[in-house]
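Asks: So the sequences go chain by chain: A and B.
When you line the first sequence up against this note's numbering, it's residues 1 to 212, in that order.
When you line the second sequence up against this note's numbering, it's residues 1001 to 1823, in that order.
Incorrect hints may appear among the rest.
Residues on chain B that point at chain A, a partial pick, calculated with CB under 7 Å [what the hints assert, rightly or not]:
#1 Gln1649
#2 Pro1652
#3 Lys1815
#4 Met1816
Listed next, the in silico DSS-like pairs over lysine-lysine satisfying Cα-Cα at most 27 Å (straight line) [what the hints assert, rightly or not]:
#5 Lys1024/B with Lys1104/B
#6 Lys1705/B with Lys1089/B
#7 Lys1071/B with Lys168/A
#8 Lys83/A with Lys1742/B
#9 Lys168/A with Lys1703/B
#10 Lys1521/B with Lys168/A
#11 Lys1547/B with Lys1522/B
#12 Lys1126/B with Lys168/A
#13 Lys1550/B with Lys168/A
#14 Lys1024/B with Lys1231/B
#15 Lys1159/B with Lys1128/B
#16 Lys1024/B with Lys1322/B
#17 Lys1020/B with Lys1034/B
#18 Lys168/A with Lys1815/B
#19 Lys1742/B with Lys1810/B
#20 Lys1786/B with Lys1810/B
#21 Lys1521/B with Lys1502/B
#22 Lys1071/B with Lys1020/B
#23 Lys1508/B with Lys1472/B
#24 Lys1532/B with Lys1522/B
#25 Lys1532/B with Lys168/A
#26 Lys1531/B with Lys1502/B
#27 Lys1320/B with Lys1547/B
#28 Lys1474/B with Lys1508/B
Note that these hints are calculated values from the structure, not bench results.
Each residue gets a CB set at the ideal place from its N, CA and C atoms; glycine is no exception.
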Amino acid sequence: MMLNLKGQNLHLSPDKAIFWEEQHSLIMADLHLGKAAHFRKKGLAVPPQILEDNLTRLRELIELYSPERVLFLGDLFHSRLNKVWEVFTSFLEDHAEVDFVLVKGNHDILPAEAYENSALQIYPDTLLEPPFVFSHYPLEEEVPGYYNFYGHIHPGVTLGGRGRQSVKLPCYFFEPTRAVLPAFGAFTGLSMISPGAGDQVFVIVEGEVMEV
Amino acid sequence: MGKQMGRKEQLALGTAWFEKQGWKPFPFQVKTWKAYLQGKNGMVNAATGSGKTYALLMPIMLEFVARHRHKDEYPADNGLQAIWISPIKALTVEIQAAAQRLVKDLNLGWRVAVRTGDTPAGERTKQKKSPPEILITTPESLHLLLGSPNYKEVFSGLKVLVADEWHELIGSKRGVQVELALSHLRHLIPGLRTWGISATIGNMEEAAAVLFGAEYDAGNWELIRADIRKKIDVQTIIPKDIKKFPWAGNLGTVLVEQVLEIINASRTTLLFTNTRRQCERWYQTIIDHDPELIGLTAMHHSAIDQKQRLWVEQAIHDEKLKVVVCTSGLDLGVDFRPVDTVIQIGSPKGVARFLQRAGRSGHQPNATSRIHLVPTHAFELIEAAALRQAIIDEKLESRIPYRRSFDVLVQYLVTLSVSGGFDADVIYEEVRQTFAFADITPAEWEWCLDFICTGGSSLRAYDEYQRVGLYKGKYYIVNQAVAARHRMGIGTIVSDSMMQLKYRNGAKIGNIEERFISSLKKGDVFVFGGKKLEVVMIRNMEVRVKKSKKKNFITPSWSGGRMPLSNQLSSGIRAQLTLVQEGKFLTRELEAVKTLTDIQADRSHVPTEQELLVEYFQDREGYHLVFYPFDGRFIHEGLSSLIAWRISQQQPISFSIAVNDYGFELLTDQPLDPSALLDPAIFSTESLWEDIRHSANATEMAKRKFRDIASISGLVFQGFPGSRKSDRHLQASAQMIYQVFKDHDPDNLLLQQANEEVLRFQLEETRLQAALRRIQGQELIIREPKRPTPFAFPLIVSRLRARVSSETLKDRIQKMKLKLIRP
């Protein structure tokens, strides 16, 4: 699904990431890497295949769009340091041709040296790049002239029809001054949003992005 | 004291003790004494309060008396002689008192101890060092004993294991725990006797087979029936104005005036409700309508703090209460002499459950048990008529025993590895002697061993699952930390995660389901234990509240508790409807419900036993296809997804499905041609399980079953006491493992077990097959009513729905709109 916003061409991928053509950037939010390992430490069994799944999808996106840069809008890593972090940093090293940028979120609480020793570039709160401003949380105050892209909420909508049909789906949600990306990570849950007039909702369904 | 005692003398001693109490032994008691003293195993079929405890305690002690009579005095410190398993903690104290009384009168000097999860650590250590002669315990505590190092020594002199309330145990995995423990004890102690005590169930013989395992076929056992028939008087409360009585509903509080009349005419009344929500509402309604009952009315349900519950139970004994509003928590347990009246709110859904509750009144031998049934909607009048007939015909439900519960087996194997290790070949032979694992294959056994050693093929990478290791031919636990964690998790009851409910000052009120609390926020008011409480703070696994006077409040709805209509009642209802169609309104219940069945007959049809009614109509919601097999909710869940799936194979279509005990509804957005759709093949039993597995709902059911299996088998850890895991985490975790097993390890036995449990207990395969075969022989009556019928009404208003679809998600979405949620 192609979208022109503020004169920029955006590809909304069914893999829950946006490719920004002009800046050759791939944008995604809420990977929650290491969530599985974090739970397992607390005595909850979680299979390893989930981590592989996240990185496989990221690798495929990089192959598809050949971005110069990948932008993570926060909650990249779920919790404290564990083995998964090593897997991830070596993934970054394998893709040295790409810049990886993290705008930090509430779950990104690894020690500073962990980030320093990785190939990640870190922005603590926001990244300004006309005509957009990127953040993990929706900005409380508008930055005049800048359109805000954010993550954090794992947006989803409920669709309903005759015969008491209903379906819950993850979505992209565009408001007049800001937009939220669906969570990239598997097993991250949805929180339902309520769109108003003038908003645009794009749901992800069976490998396609559809406007509703 | 003189020479050794003969059988006759032993029996005389028992009878003499009875006569001293002013009693006379029942024939079944004497029969039990004889069979026991002959060294037989046995099953005593007797209800609570019939003297079943003395039927077995007596010969256990008489045998000892006979053996030591020639000595000057009875030896002390004889070690464990008898283990008495009781599923209900509340009963253990009563059994202990009975045993101690007999010990004292016979001058035996025996110790009688109770060991449950509530027994303090000091007492447990004492029991281990110097075991009592009689130990009254639960299946969980028995397994904990098998997990302690010196257990072989402790059990070495054991003569008998008694499984009390076996009808309760057999329908749960706790029964499998007893079977496994027995298989090991029988091997350790040659000649060990096994006795069961059970209330009447539909499958008494099978219950015996489960308990005795391989010894069932050896035939050295006896089934002894008490045959004490209780008179039961069932009174249905008939609404004064049936026209105003609801067609659907679950509270029944409109009949409160008639209920109060009964309460006021009785000494003490137990008012049974089916759910805790109903319990809270009825309590409130009673004190609102009769303020004089405030202070004389109490509530008893499992979420209420234990101290409070014990206080209520004592207050019943002391005749301080006029009425106790309760749930199934008071179905079993100690007898309350002052109770002379029982009221059942809503259909009990099963004959055995109803009789059990009726039996809570009128304890004296030959007294009549009186029970009043309060319908909550008009159709329960038909259920009442069916119930009464089933009692006359003595049609009681069966309890389906668990089989191939690999989760319990792997837990048991880890337990044995904790207490000194086990030899796999020996244990395999023992396990094969049980009913539950009689057909376990060597491959399955190897799988279980591999699972406790490595976690199985998909979890091999994690050391958390390497719990047991092989050392010099025996399997041992890998370290003390794993052992400690395992001991904490022994048991098969996986409850919903509960949060502690406390006042701001920290005073405990009770426990409440996390699932309910998670829907509340600070400032919300809800009713609990009859009090209106406002949420002040929710932190960790604790909720702090204060009393509130607000008018608007929520009554918590708890999961579980709602039982589906039993097989016996299902066929009973079909028989009653046949009477209706034949115009035989011979009972008060049917007479009262005639107004309603007349409307049904007028708008559509009332089916006989030889007919299956299907209604088809359209309204603004879509096209409704409603079936009425009257087979109960669980069977309808299976039938509805099966039929929806089979229709969806003929054309792309999406259904939303609602079920209740009487029928099910398939709702769709496309017009249908029912007479063309419903050819006999739709109800065929051919490829039944394949078709059911294809419908998405079977997967959902299996996922729910897997949550318990994951916990029992040790895949997920419920947490240490005091820092229990939240339900959300456990649920998420169990679901993820389920998915991974499904994708990467489809032969996993625990996954297969989840599917088998769905077939056996959720879809009740035997019943489902029987239902389809019956339907194939029935005449199909299709009606297209102009207005919704009384039968259809409760279904079309139901919000709880499952779905089956053969359209692609994309096609479905094209026809949908965004649903706006209120902020």
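Asks: Give a verdict on every hint.
Replies: Do the hints match the structure? See the list:
The interface hint given for Gln1649/B is broken, as the beta carbon of that residue sits about 18 Å from the closest beta carbon of chain A, more than 7 Å. For Pro1652/B, the interface hint is violated, since its Cβ never comes within 7 Å of a Cβ in chain A; the closest pair sits about 13 Å apart. Taken as an interface hint, Lys1815/B checks out: its beta carbon lies about 5 Å from the nearest beta carbon of chain A, inside 7 Å. A cut of 7 Å between beta carbons decides the hint on Met1816/B: the least distance to chain A is about 4 Å, and the hint holds.
Restraint check for Lys1024/B and Lys1104/B: satisfied, since their Cα atoms lie roughly 20 Å apart, inside the 27 Å limit. Annotation: proposed proximity of Lys1705/B to Lys1089/B holds, straight-line Cα distance about 26 Å (limit 27 Å). Proximity of Lys1071/B to Lys168/A is assessed by CA-CA distance (about 80 Å); at most 27 Å being required, the pair is judged violated. This hinted pair checks out: Lys83/A and Lys1742/B have alpha carbons roughly 25 Å apart, not beyond 27 Å.
Our distance criterion of 27 Å between C-alpha atoms is met by Lys168/A and Lys1703/B, whose separation comes to about 19 Å. For a cut-off of 27 Å, the pair hint linking Lys1521/B to Lys168/A stands: about 24 Å separates their Cα positions. As the CA atoms of Lys1547/B and Lys1522/B are separated by approximately 13 Å, the hinted pair is consistent with the 27 Å bound. Pair hint Lys1126/B plus Lys168/A does not hold up; C-alpha atoms about 58 Å apart against a cutoff of 27 Å.
The hinted pair formed by Lys1550/B and Lys168/A fails the criterion: a straight-line CA distance of about 35 Å is larger than 27 Å. The suggested pairing of Lys1024/B with Lys1231/B holds, with an alpha-carbon distance near 21 Å, which does not exceed 27 Å. Distance check on the hinted pair: Lys1159/B and Lys1128/B sit about 18 Å apart at the alpha-carbon level, within 27 Å; holds. Simply put, Lys1024/B and Lys1322/B have alpha-carbon atoms about 33 Å apart, too far for the 27 Å limit, and the pair is violated.
Between the alpha carbons of Lys1020/B and Lys1034/B the distance comes to roughly 20 Å, so the proposed pair stays at or under 27 Å and holds. Proximity of Lys168/A to Lys1815/B is assessed by CA-CA distance (about 14 Å); at most 27 Å being required, the pair is judged to hold. Using a Cα cut-off of 27 Å, the hinted pair Lys1742/B and Lys1810/B holds, with the two alpha carbons roughly 25 Å apart. The suggested pairing of Lys1786/B with Lys1810/B is violated, with an alpha-carbon distance near 34 Å, which exceeds 27 Å.
Distance check on the hinted pair: Lys1521/B and Lys1502/B sit about 16 Å apart at the alpha-carbon level, within 27 Å; holds. Restraint check: the Cα-Cα separation between Lys1071/B and Lys1020/B comes to about 25 Å, which is no more than 27 Å; the hinted pair holds. The straight-line distance between the Cα atoms of Lys1508/B and Lys1472/B is roughly 51 Å, outside the 27 Å bound, and the hint therefore fails. With a CA separation close to 14 Å, the supplied pair Lys1532/B and Lys1522/B stays within the 27 Å bound.
Using a Cα cut-off of 27 Å, the hinted pair Lys1532/B and Lys168/A is violated, with the two alpha carbons roughly 35 Å apart. For the hint linking Lys1531/B to Lys1502/B, the alpha-carbon distance of about 13 Å falls within 27 Å, and the restraint holds. The straight-line distance between the Cα atoms of Lys1320/B and Lys1547/B is roughly 26 Å, inside the 27 Å bound, and the hint therefore holds. At most 27 Å may separate the alpha-carbon atoms for a hinted pair to count; Lys1474/B and Lys1508/B exceed this at roughly 47 Å.
Going through the hint list in order, the structure does not satisfy hints 1, 2, 7, 12, 13, 16, 20, 23, 25 and 28.
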